[in-house]
Amino acid sequence: MAPSNPLANWERLGDSFYRKVPIYDAIFEEDVELENYIIAGAPYGGAIALHRDESKPYRFRDAHTAKSSIDIYSCSGKHINRLNWEFGTIRGLGWSDKEELLVITEDGTVRRYFGLYGDFTSFSLGHGAEDYGVRACRFWTSGFVALLANNQLVAVSNYDEPRPKLLAPCPEGEVSSWSLIPPAYTLSRSVEVLLAVDKTVYLVDPTEAEDKVLQNGPFKHASVSPTGRFVALITAEGTVWVVSSDFQSKYSEYDPESRVTPRTVDWCGDDAVVIAWEDEVHLIGPNGVAARYYYDGTVHVVPEFDGVRLITNDTCEFLHKVVDVTEAIFRLGSTSPASVLLDSIDLLEKKSPKADENIQRIRPSLPEAVDTCVKAAGHEFDPQWQKRLLKAASFGKSVLDLYNSDEFVEMTEKLRVLKAVREYQIGLPLSYEQYMRLTPERLIERLVNRREYLLAIRISEFLELPADRIYVHWASQKVKVSAVDDDAVCKLIVQRLEGKPGISFELIAQAAYDEGRAHLATQLLNHEPRAGKQVPLLLEMEEDEIALDKAIESGDADLVNYVLLHLKTKLPLASFFRTINTRPVASALVETTARGQDTELLKDLFYQDDRPIDGSNVLLSEALEATELPRKTEKLQLASRLLSDSKDPTVVLQQKLLSEASQLLKIQEVLDKDLADRSEFLGLSLNDTVYRLIRSGYGKRAQKMQSEFRMPEKTFWWLRLRALVAKRDWGELEEIGKNKKSPIGWEPFYNEILGAGNTKLASLFVPKCTNLPAEEKMEMWVKCGMVAKAGEEAFRAKDVNALELLHTRASGPAAAEIDRMINQLRPRK
Amino acid sequence: MAPYPGSDADYFRDKARRDLLNLLEGVRGKKNLAVSQDLAGPVGLFVKFSLLQEYGVDRVFLLENGNVDSSQRNVVFLAHAEKIRQVRAVAEQIQRLQRNGNVEHELSIFWVPRRTLVSNSILEEAGIIGDVNIAELPLYFVPLEQDVLSLELEDAFSDLYLQKDPGSIFHSAKALMDIQQRHGYFPRIIGKGDHARRLADLLLRMRKELDAEESSGLAGLSARGLLPSASTESLIIIDRQVDFGSALLTQLTYEGLIDETVGIKNNQADVDTSIVGPTAVPQAQESSKAPQQSSKQGQKRKVQLDSSDQLFSQLRDANFAIVGDILNKVARRLETDYESRHSAKSTTELREFVNKLPAYQLEHQSLRVHTNLAEEIMRTTRSDIFRKILEVQQNNAAGSDATYYHEAVEELIARDVPLKTILRLLCLESCMSGGLRPRDLESFKRQIVQAYGHQHLLTFWALEKMELLQPRSSATTMLLPTTGGAQPGSKTNYAYLRKNLRLVVEEVSEKDPSDVAYVYSGFAPLSIRLVQCVLQKPYILSLIRGGPTTTSTPIPATVSSPGWLGFEDVVKSARGATFSIVQKGDDKAIRARQTISGNNTIKTVYVFFLGGITFTEIAALRFIAAQEAPRRKIVICTTGMINGDRMMEGAIEKGSFAKFE
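As you go down the protein sequences, you meet chains A and B in turn. When we follow the working numbering, the leftmost residue of the first sequence carries the number 1, and every step to the right adds one. When we follow the working numbering, the leftmost residue of the second sequence carries the number 1001, and every step to the right adds one.
I should point out that these hints are in silico values taken from the structure, not numbers from a laboratory. It is possible that some hints are incorrect.
As the list claims (entries may be wrong) - Below, simulated BS3-like cross-link-like pairs (lysine-lysine); rule was C-alpha separation at most 25 Å, straight line: (1) LYS666(A) <-> LYS1654(B); (2) LYS212(A) <-> LYS165(A); (3) LYS500(A) <-> LYS1208(B).
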């Protein structure tokens, strides 16, 4: 069969061409009355959801069809699934680009169906949606905006963690039409909404609603182009306007010459607008040129980013702009090198020598011609033409000496994949561009969602992509549907997946558990290599101890804490402690978390564990935190009482020191009352208390405290010395100096007093330092400025050299004195 | 071979910066940033405030201050998700903002280093998880220097040894996985200490998990991580627990002493302006983040201490004894350089001089800062108290009978020397000689609580839990050199190791050091000796045999004996597990790699100090690295910088009986 003319469905629109490619036929059965249905198609040739439009009357056939439902079909009309619907009026039906179906009901409940087979999660819009009701919704690839009946707009921009957000409040008035600009194309990086109210249009973003001040409203339709650059509006008079999305310039105007307002306005790529009535479609290009298509039955338009899918009962067609490469080859009278190259294939087959002539003619631009043919092959839907174009490319490159064939090879691979998924049994009519944007990984995901495991695995092997998710999905389904006993299923799955890398048994186990097969789930979990992954599921399965062990095994403190948090709320305290007792890591973490947060828990823990010192320490901490004195002492006593039974010497000491602490506090309270107006002593350490007492001149009391607390003599002497120096109580110091002996020696006295600058007093202590060598004493004297005294020291030591050294530092009478001593020492000559 | 040509330090710095800025960019418009205290410093290491401003950050708050205001609609929180306290703080702040703000806030949280399950449940409990945008900032290694990567986990030490919280081991493992993913697996993991063992086990485990994930395409398509690295020689993990002793000594290098006296945090020291002068070096000011501090604290100035300061890189690792000399030399050189302007004759010469002028000025400035700093330190080191402390320390380190010095310690207590210092001395003695005699310990306990307050009963308890300060039990009194006691490895036997690894090197020259012992003026840190046991076997052997230490450059190892080989018995006397694990890969692939890369490349050794490293140890490792330069490169990794004071701070009870008004 000769290939169909590639120009067959071309339509000229201004400078460019559009073509309508028939992809599938016999889509829906006769009794599906498309005019009564709301249709939503998933992007990238995805599934189509049909829901009967409840505002329209329909023919009653039987009870089954009378029930409200959402039907999911593939593009080729294969019925994938039916979702029975009994949750209220649907106000929004749309898809995300992961092919998740979103259904929004009037009361603001959003259901997200993933996997096409009825698994769903749901959340609520909030923000008064329940009270006012949702009027309509608009979708983009990863989110949607709902218009409430009070003109409020609620945006959801992420389905994994949905966070419905209110956009800026909009003006009162009748919303005649609206549309949104996806966040990727706005300056604010948030979704923006065009709201046609009364005669004008408002641009609403999260912070404000801006009036674009138009006069030709109320606009019956508004639609934003895929890249958010243009807006198509239908004015009150029924003309179509294409304006820039900032409403600054108008690009085109078109009068469809029809009284009836079109049912839908969509964009075909970024350059043309498609307006559709029941059975008529207008394609409007730049400057108001248009092409018109007529149908026998109802036609539905499903927009894609590079064209539109037109769906009727009989056919599914793809209307898009002819890309440059294709145009260059097939356009009538084209003389482009690629076109010539394609022609030479014919000639070659006829064995005509002109083939070579042609080649020689385009020789200089042959590489481009080959490139063009390869690219054009990609954009072609008909395998016959794909082959021809590739053949031409292959012929062309065989003539070239050097040509990088990578693109050629890749293109053949891509085309193989595309052909496989375009088959009507699969029904994914992806265009080349769409495939590039969708990426092979997500294409495989879609196949998996359709349970086309074999094809998915084949493709992933062909493209060398990881296939583990396919296996996991398969296994999860297996777990759900298989009726045989648990052991058999587990064996089957493990057998099948053996040696396949990266299989997440945790996900399969989750599926098994969700299905109520707990035993199977545990069995499957044993095959999961990643301990951390098992934990949440184990918790859910109430396998607490195993979960805790696995968490500890993973070394991840967060996981352990998470399990502990969970167990603490769930278990009675006693069994909680029993669980953690045997696991030191767990009890350490419980202790750390509880510290400063839940001291009661700590006390219980230590009590149960028989750790009196720890328990007493908790009370000590509490005593420190308490603000009132009675409370402090009470806690201290409690802490001390906890230790009272023990004979262990460390514990005994601890207890003794604790009671000492309360004793000290008591005395300090008295001191505060007697000596100070405000709290001055309370809370100080014993040493500081004594120091302060001496400094303030209460030596007697200080002494009393020393004996009361059996403070070492040395410590007391040091404290007294430092306090008196700080007080500059030279008299008292001198008095002390009259003692015969000091337990800390006299050197510290010298040092401290000298440090305070009293050289005279300091010098008094030099002679008392009897056990120091002469040199040091000399230095001490010198530091006090008493060189002569230093000289005496040297003289006593009979050290002439030192004397001479001192001589250089001395002046006046001291110098004379030293001279004298030197002379005395020197043997007379 | 690495996909990214730069060093690890550059790579991690760039990555951290890129990650943070990308996240900030994701929050549109101006925003206020609330950073937790322990992240503010590290963030300042790789991004300047001016750059944050470019990305719309208006004001920066410290999370702990709890004063985030409503001046911006967007508020971004940056906090550790693994620290439950911080998570709660974030939750409280958000609730506060929501309660009393009349502005509707756009709230974001960037969890460092990952979003945790516990953080989720806490936010959920607080009822705000639906109102915030949550993202992750995978911040692990922050480069302090080209050869130092730190996790900058302030609490790692007390977490590990006091709270027994293994979180930082996991954190370290993740960070090391980053390195492995970049270069391939460490062909060998050598380590000492129980926590080190745990870390190694985690690494092995994570590798297995990654293998499982990698082939599934979750971790990208690159399969190269499956191979042992060709550019890495090994990873050496040293658990701080093995050698508490060295870290308790006063560091005697220049950088170490700055750390001891002033304190260095995130490469910055807060120095009194009376010492270094009020005018900040423009460079230092620029890189110091946290603008709210610069205005307030007029008395303190942040001094940037890193290799961008040339003079400092000359000084930092030198023993403090010779710092004065170096400074003098530099001062004289600068002077002559500067005077050269008079000898400049032609205009070109003059222009040359003018061109160099900014460099001179910078150098001059840094000279002034360091001279003043050194003088200030000198003032401390000359003091009577400092000398007493040092004497006690040195004698402890040298292994003389410590009880002899108890009187000195008692005097220090009576003189109200900071508690940290006292405790360091006691802990040092306890570590070095296997605990204090119970009677001595009791008497010290009593004196210390009397001197510093009875709340320190808790401090003692904590120290005991950390096994820093213990009574000598009957089992450990018999620390006989050869037998090693009943359970070898439960405690580090310094007495034995001192002899068998020559920890004390009296004759080391500070000016022209021949051994790492110079960093403590005659004591070689055990931790470093352990590293040397792996890297410099011939040298250590010659040391032990008592041969003269004239062979300052060790004989190149002809037979590379890997791991602990040759030192197994010696190393057993240090605390904890000893291990050496070979990570094998596909044999064919290894051989292919070897042929590709050749055998004569300089390989990298990663030395990881779990629980913290001191500046002196870094200096010592650099000293080794310089000797090993023709054969290998050493990259130092750690959970954070530590010194004796910081070790004590983890244990010291902060509360007191005094009422706070």
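Here is what the structure says about each hint:
{"no.": "1", "hint": "LYS666(A) <-> LYS1654(B)", "result": "22 Å, holds"}
{"no.": "2", "hint": "LYS212(A) <-> LYS165(A)", "result": "23 Å, holds"}
{"no.": "3", "hint": "LYS500(A) <-> LYS1208(B)", "result": "15 Å, holds"}
Every hint from the earlier list agrees with this structure, and none is contradicted.
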